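One letter stands for each residue in the lines below.
2 protein chains.
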Amino acid sequence: MAESIDFYFDFSSPYGYFASLKIDELAERFDRAVNWRPIMIGTAFKASGNQPLVHQPLKGEYSRHDWDRLGRFMQVPWRFPSRFPVGALAPSRAFWWLNQGDPTLAVRFAQAVFLAYFGQDRDISDAAVTAEIGEGLGIDRAAMLEAVQMPEWKQRLKDETEAAIAGGVFGSPFIVVDGEAFWGADRLWMVKKWLERGGW
Amino acid sequence: MAESIDFYFDFSSPYGYFASLKIDELAERFDRAVNWRPIMIGTAFKASGNQPLVHQPLKGEYSRHDWDRLGRFMQVPWRFPSRFPVGALAPSRAFWWLNQGDPTLAVRFAQAVFLAYFGQDRDISDAAVTAEIGEGLGIDRAAMLEAVQMPEWKQRLKDETEAAIAGGVFGSPFIVVDGEAFWGADRLWMVKKWLERGGW
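Chains as they are written, first to last, in this note's numbering: chain A, 1220 to 1419; chain B, 1220 to 1419.
Treat each hint with caution, since some may be false.
[Stated by the list, open to error] Restricting the straight-line Cα-Cα distance to at most 30 angstroms, the calculated cross-link-like pairs of lysine-lysine (DSS-like) are:
# : chain 1 : residue 1 : chain 2 : residue 2
1 : B       : 1373      : A       : 1265
2 : B       : 1373      : B       : 1265
3 : B       : 1373      : A       : 1412
[Said to hold, decoys possible] Restraint-style ranges between C-beta atoms, simulated for each label pair:
#  : chain 1 : residue 1 : chain 2 : residue 2 : range
4  : A       : 1249      : B       : 1340      : 33 to 39 angstroms
5  : A       : 1347      : B       : 1262      : 33 to 39 angstroms
6  : A       : 1283      : B       : 1291      : 33 to 39 angstroms
7  : B       : 1408      : A       : 1342      : 32 to 38 angstroms
8  : B       : 1301      : A       : 1398      : 24 to 30 angstroms
9  : B       : 1287      : A       : 1262      : 27 to 33 angstroms
10 : B       : 1249      : A       : 1347      : 27 to 33 angstroms
11 : B       : 1408      : A       : 1330      : 45 to 51 angstroms
12 : B       : 1268      : A       : 1381      : 54 to 60 angstroms
13 : A       : 1240      : B       : 1291      : 27 to 33 angstroms
[Said to hold, decoys possible] Covered by chain B, according to a simulated footprint, are these stretches of chain A (three or more residues, beta-carbon under 8 angstroms):
#  : stretch
14 : 1259 to 1268
15 : 1318 to 1332
16 : 1345 to 1357
Calculated directly from the structure, the hints in this document are not laboratory data. Keep in mind that this is a model prediction, so the values were computed, not measured. For glycine and all other residues, C-beta sits at the position ideal for the given N, C-alpha and C.
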């Protein structure tokens, strides 16, 4: 199997959510695995001088409208969360904790977190909610609550975020295929072309 | 014929250039006309708190790479201009001047300006260069040089820019179809779907 695809995202990113619904199927068509990589995009925004979309005049309103439009177009669960954006520390640390032992379970957990936040309006910044989402997948609640407070997983998330920024990641989603970077849910078509042709 | 499509752009915008190469053909398939609408995107950036892409850390480098990649993918003339970005006052005023009498000629002029800047590295902020581009289309050089200094066309460009911002335009390209806004060269696929379905 060829090199894996890196899929960087923040759990609080609507475009990250929309891309998450398509990335695995796309990669599979080209016999590629996907490394899901949750990071704290706020830290990347500090590095790039960027701001969350909803805090930007004009662009914020446009984005709100665009997410609703994309949700309808893709016919996927979507409702704009009551609290937005949130700092998704708990589920991001929990992901890296799970990923160590069982990457497949970690991805299922990530999908469940996205769905809880953008489909069911649950507050994923709350560690208790994160643990409940894990419980739904058979993950021990107490173990997850402990893991998200452990220095090891706090540090891991920081390290992953710093490494992503050092590698040029500045937004969510951000997809890297054989060293080639693609920013945004809008660029899945280009990822596909890149995989088909091996570049151009 | 159904309502025209508004195509807002800045002559100094690479993504505006890439979209300009496709918008007319796309619109024609749905029996729609396109109103080309050059504006000064810097003024819109002030309203939205945005910055030119190349002035943003990380995102600037990414964009440079992405434009080269898009140019190769689309197999269209592309070279990153020696002077970038520029304030494209002269060709923008000239466009609105031409548009008053002959909108078709104005579009041909706009296409030639884009090509001169992004295909041939000519400095379109220079009124003399703008006039030369016009001459290539049989437009009187002296008349154009005069027009770009006339208060009427200076004001027209300001008015068009202000009206665009008031209508929610914050980037280039920005496309409005039956009141629905689409931002970015990446969204032509969505414009197409919108035209096909009449919304969703």
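Status of each hint after checking the structure:
1. The suggested pairing of residue 1373 (chain B) with residue 1265 (chain A) is violated, with an alpha-carbon distance near 38 angstroms, which exceeds 30 angstroms.
2. Restraint check for residue 1373 (chain B) and residue 1265 (chain B): satisfied, since their Cα atoms lie roughly 19 angstroms apart, inside the 30 angstroms limit.
3. Distance restraint check for residue 1373 (chain B) and residue 1412 (chain A): the Cα-Cα separation of roughly 43 angstroms exceeds the 30 angstroms cut-off, and the hinted pair is therefore not satisfied.
4. Checked against the hint of 33 to 39 angstroms, the pair residue 1249 (chain A) and residue 1340 (chain B) passes, with Cβ atoms roughly 37 angstroms apart.
5. Taking 33 to 39 angstroms as the suggested C-beta distance range, the pair residue 1347 (chain A) and residue 1262 (chain B) does not conform, at roughly 48 angstroms.
6. Checking the proposed 33 to 39 angstroms range against residue 1283 (chain A) and residue 1291 (chain B) shows it holds: the Cβ atoms sit about 34 angstroms from each other.
7. For the hinted restraint 32 to 38 angstroms between residue 1408 (chain B) and residue 1342 (chain A), the CB-CB distance of approximately 34 angstroms keeps it satisfied.
8. About 28 angstroms separates the C-beta atoms of residue 1301 (chain B) and residue 1398 (chain A), a value consistent with the hinted range of 24 to 30 angstroms.
9. A hinted range of 27 to 33 angstroms holds for the C-beta pair residue 1287 (chain B) and residue 1262 (chain A), which are about 28 angstroms apart.
10. Checked against the hint of 27 to 33 angstroms, the pair residue 1249 (chain B) and residue 1347 (chain A) fails, with Cβ atoms roughly 51 angstroms apart.
11. Distance hint for residue 1408 (chain B) and residue 1330 (chain A): a CB-CB separation of about 25 angstroms, inconsistent with the stated range 45 to 51 angstroms.
12. Residue 1268 (chain B) and residue 1381 (chain A) have their C-beta atoms about 27 angstroms apart, which leaves the hinted 54 to 60 angstroms range violated.
13. Between residue 1240 (chain A) and residue 1291 (chain B), the C-beta spacing of about 29 angstroms keeps the proposed range 27 to 33 angstroms intact.
14. Interface restraint, the stretch 1259 to 1268 of chain A with chain B: holds (4 residues with C-beta to C-beta distance below 8 angstroms; minimum three).
15. Coverage of a stretch by a chain is defined here by at least three residues with a beta carbon nearer than 8 angstroms to that chain's beta carbons; for the stretch 1318 to 1332 of chain A and chain B the count is 0, and the condition is violated.
16. Check on the stretch 1345 to 1357 of chain A: 0 of its residues sit with their Cβ under 8 angstroms from a Cβ of chain B, so the three-residue criterion for coverage is violated.
Checked against the numbered hints given earlier, the structure breaks hints 1, 3, 5, 10, 11, 12, 15, 16 and satisfies all the rest.
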